[in-house]
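J.: One letter stands for each residue in the lines below.
There are 6 protein chains.
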Amino acid sequence: MSKLSHIDDKGQARMVDVSDKAVTDRRAVAEGFIRMQPETLALVEAGEAKKGDVIGAARIAGIMAAKKTHELIPLCHPLAITKATIEFEISKSPPGIHVLSEVKVAGPTGVEMEALTGVSVACLTLYDMLKAADKTMTIEDIRLVEKTGGKSGTFKAPARPKGR
Amino acid sequence: MSKLSHIDDKGQARMVDVSDKAVTDRRAVAEGFIRMQPETLALVEAGEAKKGDVIGAARIAGIMAAKKTHELIPLCHPLAITKATIEFEISKSPPGIHVLSEVKVAGPTGVEMEALTGVSVACLTLYDMLKAADKTMTIEDIRLVEKTGGKSGTFKAPARPKGR
Amino acid sequence: MSKLSHIDDKGQARMVDVSDKAVTDRRAVAEGFIRMQPETLALVEAGEAKKGDVIGAARIAGIMAAKKTHELIPLCHPLAITKATIEFEISKSPPGIHVLSEVKVAGPTGVEMEALTGVSVACLTLYDMLKAADKTMTIEDIRLVEKTGGKSGTFKAPARPKGR
Amino acid sequence: MSKLSHIDDKGQARMVDVSDKAVTDRRAVAEGFIRMQPETLALVEAGEAKKGDVIGAARIAGIMAAKKTHELIPLCHPLAITKATIEFEISKSPPGIHVLSEVKVAGPTGVEMEALTGVSVACLTLYDMLKAADKTMTIEDIRLVEKTGGKSGTFKAPARPKGR
Amino acid sequence: MSKLSHIDDKGQARMVDVSDKAVTDRRAVAEGFIRMQPETLALVEAGEAKKGDVIGAARIAGIMAAKKTHELIPLCHPLAITKATIEFEISKSPPGIHVLSEVKVAGPTGVEMEALTGVSVACLTLYDMLKAADKTMTIEDIRLVEKTGGKSGTFKAPARPKGR
Amino acid sequence: MSKLSHIDDKGQARMVDVSDKAVTDRRAVAEGFIRMQPETLALVEAGEAKKGDVIGAARIAGIMAAKKTHELIPLCHPLAITKATIEFEISKSPPGIHVLSEVKVAGPTGVEMEALTGVSVACLTLYDMLKAADKTMTIEDIRLVEKTGGKSGTFKAPARPKGR
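Chains as they are written, first to last, in the numbering used here: chain B, 2 to 165; chain U, 2 to 165; chain G, 2 to 165; chain Y, 2 to 165; chain L, 2 to 165; chain Z, 2 to 165.
Hints in this document: simulated from the structure, not taken from any laboratory.
We put the beta carbon where it would ideally sit given N, CA and C, even for glycine.
There may be inaccurate statements among the hints.
Stated by the list, open to error - Covered stretches of chain L, as calculated for chain Z (at least 3 residues, CB under 8 Å):
1. 12 to 24
2. 56 to 70
3. 74 to 82
4. 114 to 127
5. 130 to 136
6. 141 to 153
Pulled out of the complex, with its shape left as it was, chain B reads as follows:
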């Protein structure tokens, strides 16, 4: 069981002791996609043109959620993140919105969960803002794209699993 740092030898959950880990600059990028009907996407695009707050609200929600990660994920360490951004890219085919989050910290542990949480909550907020028009939206392919810093070094995700 030693492969799972969050589980001790007795199979019990624990917050890993990072008190002896070096404080280094760390960065993580995560992504996700919310798939929707073309008609729903058209509403977002029309909104953009008219200063609609759909994308803006999802960005704020994602940034605030990245800061809240340690309150949501039981064994995450509290971290004073130094940067959090959420980017949105509209996709026509398949119809939907691609969400990308980047988080940075100078700390003893990484910010993968912060980036993944930022993406997840940004997608959930898009769902909430658009659900009056479309309840069949799906949130897909949330994953870690890249991380740098820390003892385990750099991780880069393999090429995208799907033809998007």
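Got chain B; can you put chains U, G, Y, L and Z on it based on the hints?
T.: Below, chains U, G, Y, L and Z alone, put in the same frame as chain B:
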């Protein structure tokens, strides 16, 4: 733009006024899937046998997150939910864990976002617990399965988009 | 000391017992003003034209803060508010932004504090978004404009104290 | 638009990247005023004499809010503040209470928002504690008094705008 | 296992479904004791005489914690409590402070946990305020004193277990 | 009054200024006990054998609460803790569960309150999980066992006050 209840005529975000909506019993079910390497899944199953807390921690995190939904999703109403459950089902093919959440409330608005948030945070917690072994996991196909109650009535999702 | 419901006969803080108060529809409107240099205001207006998120971020922050009121104000009751809006109006003379919040609930106690908190945090967010350009901004004249519902009935503020 | 650090070139909100900024000692002082009827102020003073908790509750609320700033203001960085105080000074003319907050941190970014948030929530709490007696109170002239530390150096507010 | 409502037939944690339970008036009273050196207690009493905020801060903290119970205790339902008080009684023998909390709600489930959480956090705050003088304080005998309302009816604790 | 660092010369609560204190490695251990009927304890033990989540939920709740300490205890500094564990030991005589928490940080102030809060909330969660079977449980003898680091150096609690 009237199709998006969270956006007013000027394209501005708003929390919908539900003060005149009837308080009725409402229920929502959402699901999601975290795909992982077969070796990673084997670690979870071994843990289960040994009282490992991977699934248990994700369940608690998902339930607590469902209660926090209105703090995460900007325009969600605070709701005194009356039930929240998170269920996990191990899938061998494709390898991963299927997550199902059910939330209930007696209130003026539905609990779709609470169920979706519970699923999302449960999946994120599984990622966190297992990421020491596998950083390529993806969180997939988070969607609303069913909702009942309220003026818009019952919604049932179409059949699963993929061969899982 | 009986005039202060939040202080008991011994001069001690208490959360007022509202368990015997009727659940009625209640509504409160509050306002405030953030005064700034004309050059700072020009930046906001330019941003508006270019989809800048200054106003949008302050609106989301104000709505979310209204929901958090009972976590901030020690003796406020938790309330499941049914509506929260934040409106902004640009003022050329004096230069600044007028902020108006409306909150509704069906409950045993009013939402004055929720409306005032929404206005305050929206103003603070405007300050934060603009402080790189201007640290001399002041937040002014936060007050209750109107409340309806509840045993104490309707309150309407006297005419604006200043020549704005 | 480059004058607003919280808005990027596309007019989108962002949490500024402070990962390359030096960790220095930073301090900020903010102030505000809650104006009230002389009769309302007399209740506070009477309470003080009798160990009333009006001022005490507002102090605790302000300190706790300073710690919560990054949960309220969307683009504020989480900071491990090292000091937060809230001081109150009773003013007879105009009748009301002057609130002063000082916050310190050793960090890569300043604590202006923490001091301003502490003052705002202390004033809101005073309003809440006293509103049974007086709903016409106004919260006025919340502003940054002084900041030190960081690349932008020391800021001192110009002399008080009004004759208080 | 059916005796534990928070554990289902598979031994899994769940938030009990209270959607079919009647909304009734419910009330709970809990108590606890923080034992300290006589010299430490003397400091509290001296503070009381001089408007010291030790007791006042603990009262506010206990009330705020009662409101946060559902964020702390994983399977507690969110409840809009209608009253929360924390009372303190100084005990000379044994030396310490007795803490009593009363919480009320109109809801489908009881407020035992809210009263117990209020007492616990009030005691922890007393510890924090006094720990510079005495680190050997102990928090003792936190228990439910009484509950009324709900299907299980009235509960009254047996006589105090110790000679206090 | 100078013995109480959280109270200033005027008897007012304050968050101690730790900006000039050295950042050192600090560690605290706290303990507590929840006493219950032997029959209640038997339910926990039966659950353990069947992967019951009683202990697991209390562990997660205690760890999450340790991270939330500064939101609960008014004058605690926010700290980025680097470790938090909660251990449980079943006691047959007296019947109950002993709870032990260890917290670490590299910071300017200690983590005594974090360890004590983790123990308290873990005990409260055990109460909540088991209260359907037994409402007479008591939470007892929460105390600091040991602290190391910081200017005041090492503290070790005297031997256990009772015959457990």
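J.: For this structure, which hints from the list above don't hold up?
T.: none
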